[in-house]
Amino acid sequence: TIECIRTYLKIKKKLEYSEKEIICTNGDKQAIFQLLFYLCNEGDEIILPTPAWPGYTNIINLIGAKPIYLETTFENNYQIDPLLLEKLINNKTKAIILCNPHNPTGVMQNYETMYKLSKIVEKNQIYVIDDQIFELLDFYSSHISMASFENVKKYTFTLNSLSKGYGMSGLRFGFIAGPDNHINRV
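Just so you know, this note's numbering puts the end of the sequence shown at 203, numbered straight through with nothing missing.
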């Protein structure tokens, strides 16, 4: 199974991961919970672009962290404003959750936005939870993984599941790909 995930990430996303950098989960929701539970201490802040799937807020609150909302707007095609992101980061910021393509808007962050976000992540050394559960619904092949920016791959956790992209909503199979010094503890 892990070899299939490695092959998929290599062919579809041009991302190289070893066996030690991938774990399987009981779906995407478990991957999000498990990762946040591992990364966060009580009071840590997780930046969450809005509008957002309500489950993110629930999981963040459940583990004792605090959601910090980063508003995106229709007028800006729901792209994350790097300047707003910079203003929200402080010494309690642990991570940003990217759902790309975005739930509920369906918008994908473009290359320019992702590049600017990668520079902010690198500068501030915060984690990226790159939830790609809807990436197979990108019919134009323009989806960009945050881990494709080498400068931030060591801070990025790529999450995915079979449920949405393959139309198997009852199949609880997901994965996390990320730095092996973290993956073996998640």
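Simulated from the structure, these hints should not be mistaken for lab results.
The reader is advised that the hints may include incorrect statements.
[To be verified] Simulated restraints, written as ranges between beta carbons of each label pair:
id, residue 1, residue 2, range
1, E139, E33, 16 to 26 Å
2, E92, K37, 16 to 26 Å
3, T74, L101, 10 to 20 Å
4, L101, P71, 20 to 30 Å
5, P99, S159, 15 to 25 Å
6, N58, L188, 13 to 23 Å
Don't be surprised by glycine CBs; every beta carbon is placed ideally from N, CA and C.
Results for each hint:
The given range of 16 to 26 Å is respected by E139 and E33, whose C-beta atoms sit roughly 19 Å from each other. With their beta carbons about 44 Å apart, E92 and K37 fall outside the hinted range of 16 to 26 Å. The hinted window of 10 to 20 Å between T74 and L101 holds, with their beta carbons roughly 18 Å apart. For the pair L101 and P71, the beta carbons lie near 21 Å from each other, so the given range of 20 to 30 Å is met.
Against the hinted window of 15 to 25 Å, the Cβ-Cβ separation of P99 and S159 comes to about 19 Å, which satisfies the hint. Separation of N58 from L188 is about 33 Å and departs from the stated range, judged on CB atoms against 13 to 23 Å.
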